[in-house]
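Same order as they appear, the protein sequences are chains A and B.
Numbers 5 to 203, taken from my numbering, label the letters of the first sequence in order.
Numbers 5 to 203, taken from my numbering, label the letters of the second sequence in order.
Hints are supplied without guarantee of correctness; some may be wrong.
Identical copies look the same in the list; a pair holds intra-copy or inter-copy alike.
[Claimed, not checked] Computed list of lysine-lysine pairs in DSBU-like fashion (alpha-carbon distance at most 35 angstroms, straight line):
id, residue 1, residue 2
1, K103, K28
2, K28, K101
3, K28, K85
4, K94, K28
5, K122, K28
6, K57, K28
7, K101, K138
8, K166, K103
9, K190, K94
The set of hints was computed from the structure by calculation and includes no laboratory data.
Note that the structure is a prediction, hence the values are computed from the model and not measured.
Protein chains: 2
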Amino acid sequence: MSEFIAPLEMMIEAFRRLPGVGRKSAERMAFGILDMTEGETENFLAAVSSAKKSIRPCSECGNITAEELCPICANPERDRKIICVVEDSKAVISFEKIKEFGGVYHVLGGVISPRSGKGPDSLNLFSLSERIKKCGAEEVMIATNATVEGETTAMYISRLIKPTGVRITRLAYGIPVGADIEYADKLTLLRAIEGRREF
Amino acid sequence: MSEFIAPLEMMIEAFRRLPGVGRKSAERMAFGILDMTEGETENFLAAVSSAKKSIRPCSECGNITAEELCPICANPERDRKIICVVEDSKAVISFEKIKEFGGVYHVLGGVISPRSGKGPDSLNLFSLSERIKKCGAEEVMIATNATVEGETTAMYISRLIKPTGVRITRLAYGIPVGADIEYADKLTLLRAIEGRREF
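Okay, chain A solo, but in the shape it has when bound (with noise of 0.2 angstroms):
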């Protein structure tokens, strides 16, 4: 049995859910909560349930927006030429993070994943064709993670739009910036020898 009182346990469990939430730190949070004025505890959840109620796909591009459509399709000096196929919102920050990608993005909403029963229909996928043709596109860089899934993903994609006659191009394998090649996985190591460059 639980050393906590019924409705705090469901707290607990509430907070539990959150991905990368231990036991331990829903506890804190829980108890967080109890801590806070009745104002403070309005504040948070009006700030969760209007983001969840305000937050929905940019009807373009899939990524995650408040508006009709997100910041980058609603900026006009974004490049229309190439189209850089991501997971999700999230990879979609990690780009614009580093400030040198100028282009657009279509954000799947997840990869195609048999075990979890995940096919092609689950994903923002089928109006990337046309968006291809309607931006006149001329690359599409697809950049799903370095998973067996997100590979998976990429080759359905990359054979879905091939009769659209876009460039496709994928995000190079290798050892990332800073490592130790006497770390690196076989696969990686086997991935950067296959995509050597000339100096």
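Add chain B to chain A, keeping to what the hints say.
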């Protein structure tokens, strides 16, 4: 400027206000909320909100409870002859976990802290003398934390309840079980020497 859209940024900041949550964890939790179904988010919000609404201080001891009395005060088997004075409900849970203390608690809801402007008036303190008489308590074990504030509070309480004639005790200070003497700080070692006992 934040790389996140406004409502997402507000949700991240709301999570950050919880104890032990840094920026990165708050971001992960916020995206966790976005990945949930509407129903899951509603369950999360309901669990937090109803815990906050239903949990209040026990009218007897100040411990958290969803009823009039906390489970400990409501239990007729608990020994009212010994009252353990603690800073907060987290301490009650720590004591209950060891399953050795059969008495009741008195939860202060904080400590005297001139630095943060908290005087004795802000604590659940003045019902204690009354309670000692009502229960016919024979011992009050003061178990505030081993901090300057905890010490000050313990001192204050011992003076406050002295007139009741009850036996007043304090948790032992010393080397934590399993710890190396080499790593004990000076003050702990000093207290361990002062508190030494016959073999």
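We went through each hint and held it up to the structure:
1. K103 / K28: Answer is between: at 20 angstroms across copies they meet the 35 angstroms cutoff, but 37 angstroms inside does not.
2. K28 / K101: Answer is both; intra-copy 32 angstroms and inter-copy 14 angstroms each pass.
3. K28 / K85: Between. Shortest inter-copy distance 33 angstroms satisfies the 35 angstroms Cα cut-off; intra-copy 48 angstroms does not.
4. K94 / K28: both (26 angstroms within a copy, 12 angstroms between copies)
5. K122 / K28: both (32 angstroms within a copy, 28 angstroms between copies)
6. K57 / K28: The answer is both: 29 angstroms in one copy and 22 angstroms across copies each meet 35 angstroms.
7. K101 / K138: within (27 angstroms within a copy, 64 angstroms between copies)
8. K166 / K103: Close inside one copy (29 angstroms), not across copies (67 angstroms); limit 35 angstroms.
9. K190 / K94: within (28 angstroms within a copy, 48 angstroms between copies)
In the structure shown, no violation is registered for any of the earlier numbered hints.
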